[in-house]
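Taken in order, these protein sequences are the chains called A and B.
All residue numbers in the first sequence are consecutive under our numbering, ending with 112.
All residue numbers in the second sequence are consecutive under our numbering, ending with 118.
Don't read these hints as lab results, they were simulated from the structure.
Keep in mind that a hint or two might mislead.
Unchecked claim - Derived, one-sided and incomplete: chain A residues facing chain B with beta-carbon distance under 8 Å:
1. Ser45
2. Thr86
3. Lys99
4. Leu100
5. Phe102
To be verified - In silico lysine to aspartate or glutamate, DMTMM-like type, Cα no more than 25 Å apart, as pairs:
6. Lys71(B) - Asp98(A)
7. Lys41(B) - Asp98(A)
8. Lys40(B) - Glu5(A)
9. Lys99(A) - Asp38(B)
10. Lys17(A) - Asp82(A)
11. Lys3(A) - Asp85(B)
12. Lys40(B) - Asp98(A)
13. Lys67(B) - Asp30(B)
14. Lys9(B) - Asp38(A)
Claimed, not checked - Anything over 12 Å on all C-beta distances counts as not near chain A; from chain B, calculated:
15. Pro8
16. Gln14
17. Asn17
18. Gly84
19. Asp85
Using N, Cα and C, we set each Cβ at its ideal position, and we do this for glycine too.
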Amino acid sequence: ELKVEQNPLFLSMQEGKNYTIYCNYSTTSDRLYWYRQDPGKSLESLFVLLSNGAVKQEGRLMASLDTKARLSTLHITAAVHDLSATYFCAVLPREWTDKLIFGTGTRLQVFP
Amino acid sequence: DTAVSQTPKYLVTQMGNDKSIKCEQNLGHDTMYWYKQDSKKFLKIMFSYNNKELIINETVPNRFSPKSPDKAHLNLHINSLELGDSAVYFCASSRPRISSGGKDGELFFGEGSRLTVL
Chain A
1 ELKVEQNPLF LSMQEGKNYT IYCNYSTTSD RLYWYRQDPG KSLESLFVLL SNGAVKQEGR
61 LMASLDTKAR LSTLHITAAV HDLSATYFCA VLPREWTDKL IFGTGTRLQV FP
Chain B
1 DTAVSQTPKY LVTQMGNDKS IKCEQNLGHD TMYWYKQDSK KFLKIMFSYN NKELIINETV
61 PNRFSPKSPD KAHLNLHINS LELGDSAVYF CASSRPRISS GGKDGELFFG EGSRLTVL
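Next comes chain A alone, as it looks inside the complex (with noise of 0.2 Å):
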């Protein structure tokens, strides 16, 4: 069964540190999303890595893709109170055109 992990599943950080989130998939694929989600809101598409390899970053958030190692991460860089909200990884299996998967997604608080 396909399977797509994220870790941690609770972050509580504080303002202005570092850290990473890591995303685990079970499958072949070379397509990579990372989402974001506000509490009670929709989601909203932060990043799409496409390719072994693939960096990319929009200002405190950097996405990386190795598909050899099955793991995206999502690293954050001094984070300030305005990233709280919970971020999804989701993959897309190699055998499916339209079948994304998410990730359990990961909660984090920013906190003062």
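Got chain A sorted already, so can you dock chain B onto it with the hints?
Below, chain B without anything else, positioned relative to chain A:
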């Protein structure tokens, strides 16, 4: 303009009732989806339609019946609602997997419809 819109945003109903959720997208995408998000925030795909044709049906009880009158609309009808159906249902759409711009497969989500079954 809202890209993917769902109605209603909130539904509160009794067990055994039937309810529908409507979804419309104005992005010109060919593929639309229904995802269910449970109380633990876990997101699971239910259905996928490509240009009005059912592509994915993920072992969802047949009380759930999607309908796509055209490629811009995907509705979800639920019969005989049960307590376990309480969740947030998200509609989404996507570009074709192979497309220009490097963003193929990316999903665009609606605001969600929170269903509470009493």
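| said: So Gln14(B) supposedly isn't at the interface. Is its beta-carbon more than 12 Å from every beta-carbon in chain A? | reply: holds (24 Å)
| Pair hint Lys41(B) and Asp98(A), alpha-carbon separation not exceeding 25 Å | Distance ~21 Å between Lys41(B) and Asp98(A) Cα, so the pair holds.
| task | Starting from Lys40(B), check that the Cα of Asp98(A) is at most 25 Å away, please. | result | holds (24 Å)
| request: Check the non-interface label on Asn17(B): least C-beta distance to chain A beyond 12 Å or not. | output: With a cut-off of 12 Å, Asn17(B) remains clear of chain A, as the shortest Cβ separation is near 24 Å.
| Any CB of chain B closer than 8 Å to the CB of Ser45(A)? | holds (6 Å)
| request: Under 8 Å, Cβ to Cβ, is where Thr86(A) needs to be relative to chain B, so tell me if that hint holds or is violated. | output: holds (6 Å)
| Are all beta-carbon distances from Gly84(B) to chain A longer than 12 Å? | About 19 Å separates Gly84(B) from the closest Cβ of chain A, which puts it past 12 Å; holds.
| Does the alpha-carbon distance linking Lys40(B) and Glu5(A) stay inside the 25 Å limit? | holds (14 Å)
| Is it true that the CA of Lys99(A) sits at most 25 Å from the CA of Asp38(B)? | Status holds; Cα separation ~18 Å.
| message | Checking hints one by one. Is Phe102(A) an interface residue toward chain B, by the C-beta closer than 8 Å rule? | response | holds (4 Å)
| Against chain B, is Leu100(A) within 8 Å by beta-carbon distance? | holds (6 Å)
| query | Are the Cα positions of Lys67(B) and Asp30(B) separated by 25 Å at most? | reply | holds (14 Å)
Of the hints listed earlier, there is not a single one the structure fails to meet.
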